[in-house]
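A.B. asks: Sequence:
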Amino acid sequence: MLRVTGLGKAFGGVKALNSLDLALDSGEIVGLIGPNGSGKTTTVNLLTGIYRATTGSVQLDGAELTTKKPEAIVKAGLGRTFQNLRLFKTQSVLDNVRIGQTVLCKSLASHLNALGSGAEKALRREAAELIDRLALTERTHWPADTLSYGEKKRLEIARALAMRPKILLLDEPAAGMNAVEVDRLMHIIRGIRASGIGILLIEHHMKLVMNVCDRIAVLNFGVKIAEGTPGEISSNPAVIESYLGKAH
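In our numbering, each number is its position in the sequence shown, counted from 1, plus 64.
Quick caveat, the hints were computed from the structure, so don't treat them as lab data.
Note that the structure is a prediction, hence the values are computed from the model and not measured.
Take the hints with a grain of salt, since some may be wrong.
Below, computed lysine-lysine pairings styled on DSBU-like, alpha-carbon distance capped at 30 Å [to be verified]:
| hint | residue 1 | residue 2 |
| --- | --- | --- |
| 1 | K153 | K185 |
| 2 | K230 | K132 |
| 3 | K185 | K139 |
| 4 | K133 | K153 |
| 5 | K79 | K132 |
| 6 | K133 | K216 |
| 7 | K185 | K271 |
| 8 | K79 | K288 |
| 9 | K153 | K216 |
| 10 | K79 | K153 |
| 11 | K230 | K288 |
| 12 | K133 | K288 |
Pairwise CB distance ranges, derived in the manner of DEER restraints [to be verified]:
| hint | residue 1 | residue 2 | range |
| --- | --- | --- | --- |
| 13 | Q155 | E193 | 39 to 49 Å |
| 14 | I114 | L168 | 14 to 24 Å |
| 15 | D278 | N100 | 20 to 30 Å |
| 16 | E184 | P301 | 54 to 64 Å |
| 17 | P301 | E135 | 23 to 33 Å |
| 18 | H205 | F285 | 42 to 52 Å |
| 19 | A239 | D278 | 18 to 28 Å |
| 20 | R150 | H268 | 18 to 28 Å |
| 21 | A239 | I114 | 18 to 28 Å |
| 22 | T201 | T131 | 32 to 42 Å |
All C-beta atoms in this analysis are idealised placements derived from N, C-alpha and C, irrespective of residue type, glycine included.
With these hints in hand, go ahead and build the complete structure from the sequences.
C.D. replies: Here is the structure:
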């Protein structure tokens, strides 16, 4: 479904990402890990259209996304969350999710025409279901800024899912979470996978990565140094030396 071929990005004479190949199918979870500065953020920004690739190709269901703008990439089916929360702080949980749904409308006019229609009612029902799925029902009408940190992280995921992505890119969703919140997140991610959505997980929390991913790709200095199952990655000498450490 998602095919990344020879993807590269250079800033002046510095290659932040060098010829990355990566594939991700529906209902599959692929982890992308590596030390700080390894190229993970650059990869995220290339996939979502924030950066323009120097080399290579990004395709989703055979459609070329490499030169598309971020809004076109979202409409094509590649959704994301952000490492640094980007919620609409004064808007309610429900409103944040509904804002995510505006991506489904072809234009503002079509959105306005849908108000009061059966389509609008279906969207409201879908938003309520997403809020429940992310365990935020009791917070439905709370301003996003009043939520706990873990709840804000879950709201980011709910808003991304409201866009009906084929592939969901999760950018360090466990950052700042405690152990209980990470366990809940693990359950949520598995539920998303069960719905048929492919997930690219960029994460430093190794317990989460090793427990939910089908495959893991490892970056170091902009180069993919390994790819395999969690078991293969955890015993790979190059990965242990560059990232996991001997204690792992």
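A.B. asks: A separate judgement is required for each hint: does it hold in the structure or not?
C.D. replies: These are the hints, each one checked on the structure:
1. K153 <-> K185: holds (25 Å)
2. K230 <-> K132: Cα-Cα ~17 Å, so holds.
3. K185 <-> K139: holds (21 Å)
4. K133 <-> K153: holds (25 Å)
5. K79 <-> K132: Holds, because 22 Å separates the two Cα atoms, which is no more than 30 Å.
6. K133 <-> K216: holds (27 Å)
7. K185 <-> K271: Outside the cut-off at roughly 40 Å; violated.
8. K79 <-> K288: Measuring from Cα to Cα gives roughly 13 Å; hence the hint holds.
9. K153 <-> K216: Holds: K153 and K216 sit about 10 Å apart, inside 30 Å.
10. K79 <-> K153: violated (36 Å)
11. K230 <-> K288: holds (24 Å)
12. K133 <-> K288: holds (26 Å)
13. Q155 <-> E193: 39 to 49 Å: Violated, at about 19 Å.
14. I114 <-> L168: 14 to 24 Å: holds (22 Å)
15. D278 <-> N100: 20 to 30 Å: holds (25 Å)
16. E184 <-> P301: 54 to 64 Å: holds (56 Å)
17. P301 <-> E135: 23 to 33 Å: violated (43 Å)
18. H205 <-> F285: 42 to 52 Å: holds (47 Å)
19. A239 <-> D278: 18 to 28 Å: Because 22 Å falls inside the window, the suggested range holds.
20. R150 <-> H268: 18 to 28 Å: holds (20 Å)
21. A239 <-> I114: 18 to 28 Å: With a Cβ separation near 19 Å, A239 and I114 satisfy 18 to 28 Å, so the hint holds.
22. T201 <-> T131: 32 to 42 Å: holds (41 Å)
Against the hints set out earlier in the document, violations occur for numbers 7, 10, 13, 17.
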